[in-house]
Structure formats: structure tokens, C-alpha cells
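Asker: Note that the protein sequences, when read in sequence, are chains W and U.
Under this note's numbering, think of the first position of the first sequence as 360, with each following residue one higher.
Under this note's numbering, think of the first position of the second sequence as 35, with each following residue one higher.
Read the hints as simulated data drawn from the structure, not as lab findings.
Since we're looking at a predicted model, the values are computed, not measured.
Careful, some of the hints might be misleading.
Here are the simulated DSBU-like pairs of lysine-lysine, each with C-alpha atoms no more than 35 Å apart in a straight line [unchecked claim]:
1) U/Lys51 to W/Lys428
2) U/Lys91 to W/Lys427
3) U/Lys105 to W/Lys408
4) U/Lys103 to W/Lys417
5) W/Lys408 to U/Lys103
6) U/Lys51 to U/Lys105
7) U/Lys91 to U/Lys51
8) U/Lys99 to U/Lys51
9) U/Lys91 to W/Lys461
10) U/Lys51 to W/Lys401
11) W/Lys461 to U/Lys99
12) U/Lys52 to W/Lys401
13) U/Lys52 to U/Lys99
14) U/Lys105 to W/Lys461
15) W/Lys417 to U/Lys91
16) U/Lys103 to U/Lys52
17) W/Lys408 to U/Lys52
18) U/Lys91 to W/Lys428
19) W/Lys417 to W/Lys427
20) U/Lys99 to W/Lys417
21) W/Lys428 to W/Lys417
22) U/Lys99 to W/Lys401
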Amino acid sequence: AQSVTQLDSHVSVSEGTPVLLRCNYSSSYSPSLFWYVQHPNKGLQLLLKYTSAATLVKGINGFEAEFKKSETSFHLTKPSAHMSDAAEYFCVVSDRSFGNEKLTFGTGTRLTIIP
Amino acid sequence: EAQVTQNPRYLITVTGKKLTVTCSQNMNHEYMSWYRQDPGLGLRQIYYSMNVEVTDKGDVPEGYKVSRKEKRNFPLILESPSPNQTSLYFCASSDRDRGYNEQFFGPGTRLTVL
Numbered sequence: 360a361q362s363v364t365q366l367d368s369h370v371s372v373s374e375g376t377p378v379l380l381r382c383n384y385s386s387s388y389s390p391s392l393f394w395y396v397q398h399p400n401k402g403l404q405l406l407l408k409y410t411s412a413a414t415l416v417k418g419i420n421g422f423e424a425e426f427k428k429s430e431t432s433f434h435l436t437k438p439s440a441h442m443s444d445a446a447e448y449f450c451v452v453s454d455r456s457f458g459n460e461k462l463t464f465g466t467g468t469r470l471t472i473i474p
Numbered sequence: 035e036a037q038v039t040q041n042p043r044y045l046i047t048v049t050g051k052k053l054t055v056t057c058s059q060n061m062n063h064e065y066m067s068w069y070r071q072d073p074g075l076g077l078r079q080i081y082y083s084m085n086v087e088v089t090d091k092g093d094v095p096e097g098y099k100v101s102r103k104e105k106r107n108f109p110l111i112l113e114s115p116s117p118n119q120t121s122l123y124f125c126a127s128s129d130r131d132r133g134y135n136e137q138f139f140g141p142g143t144r145l146t147v148l
């Protein structure tokens, strides 16, 4: 069975400072991992995707994530936070079984940006 | 513009009154799925469909029905809604080129059952 754990339910950072959102995963196989972002009253948007190629994955809006198999982690980072980054972020692991591309979502991390 | 649309966006109803939430995508995707989002639980899959006339249960299918008569549409039906189905619902779609796991989400439907 697969699962993801987002270690912080809420993160606050000042504008212009680095962002770190932490995610640990559990999967029986080589996983596909994702970060999705949900802005207030919006649907979810894919930020970035890891599928066993380069371990450092670059996404949209300056975000990146590093896959570390030894630590079973897939933390999301950004060097300098912007006010528009305020949103909820979901770490997701994918597993293909019985014909279903099943996405398992973490419980989310709400990112607040302090002006 | 490539998109997934849902209607209605907001709905308040009463226990037992049948309702349908529509979902439509214009990307010719084979795969479609419904999720519900509840505080502290993330998103959980209700039903999914790999193609027309092919549907199957996800993690939390109780109290829901779906149909897939056309490739673009995947309605979610609540035959007899109950208050524990009050939630935020998302429809998503994907295709084989993306391995089905890079999913496009609709804007969500906020349902309240009184």
C-alpha cells in the first residue's frame, strides 16, 4: 500500500525568504510523485512531477523538489517566496494497480506568506 | 482552452433529494475520476473510469453512482444524499500519454446536505 505524509499542516514564511514543504512517502514500487497546488476557491494544478528520471525536478513558478530514495522524501522548495505562492499544497504518490491510476494525496500544507 | 468543467459550483440541498453533479472535459481524455476533499483528509477517490462504459469504485464509493456514456462526460449521482456527503468534490481527467497520473482537475463543487 502507498501513502504520503506531509509533515506540516501549516507553514508561514516572510516574502522573499525560502520555502520548504516536507513530504515523506511509502510505496512498494518505484513511485511516481507529484506536488499539486490549490489556490483559494480554485481546482488543483500540477506543480511538478517525478517519474524516475532526474532526482531534482523543476516545476512551475520557481518551485523544485528533490527525490531522495534513502530518506523516502520528496520535499518541495522555492528560494524566494512571493505573495502569490499563498495556497494549499498537496504531495501525491501514484500507483498503477488493477487498471486504475490511483493517486494517494497527503493531507495538505497550507502556506502563508507574510508581507 | 483545455479544461475540466463542473456544474454546479455550489449546491445546498436536503437529505434524500437526488442530485447530479456534472463533469465535462474537452481534451479527449480516456480517464476520468471523482474525488472528495475533506479537512484534514486530503482528497479521496470516489469512482474512476478508464473509458466509455468502464467505471469502477475508488476508496469511498458508498452513496454515490457514476456513468460514462460519452467520453467527455462523467456525472456523479447522489441518489439519496446524507449530511456526511457534505464536502468539496473534484472531477479530474487524464490520458495515456501522461500515464494517467498527471491529472487535470475541475474547479470543484461545494455541496452542503442539510
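Asker: So, for every hint listed, does it hold in this structure?
Answerer: Here is what the structure says about each hint:
Under the criterion of a C-alpha separation no larger than 35 Å, the hint pairing U/Lys51 with W/Lys428 is inconsistent with the structure, at around 49 Å. Proposed proximity of U/Lys91 and W/Lys427 is supported: the alpha carbons are some 32 Å apart, at most 35 Å. For the proposed pair U/Lys105 and W/Lys408, the alpha carbon gap of about 26 Å is at most 35 Å, so the pair holds. Under the criterion of a C-alpha separation no larger than 35 Å, the hint pairing U/Lys103 with W/Lys417 is inconsistent with the structure, at around 38 Å.
Our distance criterion of 35 Å between C-alpha atoms is met by W/Lys408 and U/Lys103, whose separation comes to about 31 Å. Taking the CA atoms of U/Lys51 and U/Lys105, the gap is about 27 Å. The hint holds against a cut of 35 Å. Of the pairs offered as hints, the one joining U/Lys91 and U/Lys51 holds, with about 23 Å between alpha carbons and a cut-off of 35 Å not exceeded. For the proposed pair U/Lys99 and U/Lys51, the alpha carbon gap of about 14 Å is at most 35 Å, so the pair holds.
Note on U/Lys91 and W/Lys461: the hinted pairing holds, with a Cα-Cα distance of about 11 Å set against a maximum of 35 Å. Distance hint between U/Lys51 and W/Lys401 is fulfilled; the C-alpha atoms sit about 27 Å from each other, no more than 35 Å. For a cut-off of 35 Å, the pair hint linking W/Lys461 to U/Lys99 stands: about 19 Å separates their Cα positions. With a CA separation close to 26 Å, the supplied pair U/Lys52 and W/Lys401 stays within the 35 Å bound.
In summary, the hint linking U/Lys52 to U/Lys99 is supported, as the alpha carbons are separated by about 11 Å, within the 35 Å threshold. Pair hint U/Lys105 plus W/Lys461 holds up; C-alpha atoms about 20 Å apart against a cutoff of 35 Å. The suggested pairing of W/Lys417 with U/Lys91 holds, with an alpha-carbon distance near 34 Å, which does not exceed 35 Å. For the hint pairing U/Lys103 with U/Lys52, the CA-to-CA distance comes to about 20 Å; that is within 35 Å, so the pair holds.
Using a Cα cut-off of 35 Å, the hinted pair W/Lys408 and U/Lys52 is violated, with the two alpha carbons roughly 38 Å apart. The suggested pairing of U/Lys91 with W/Lys428 holds, with an alpha-carbon distance near 31 Å, which does not exceed 35 Å. Among the hinted pairs, W/Lys417 with W/Lys427 is consistent with the structure: their alpha-carbon atoms are about 15 Å apart, no more than 35 Å. For the hint pairing U/Lys99 with W/Lys417, the CA-to-CA distance comes to about 38 Å; that exceeds 35 Å, so the pair is violated.
Distance hint between W/Lys428 and W/Lys417 is fulfilled; the C-alpha atoms sit about 17 Å from each other, no more than 35 Å. As the CA atoms of U/Lys99 and W/Lys401 are separated by approximately 25 Å, the hinted pair is consistent with the 35 Å bound.
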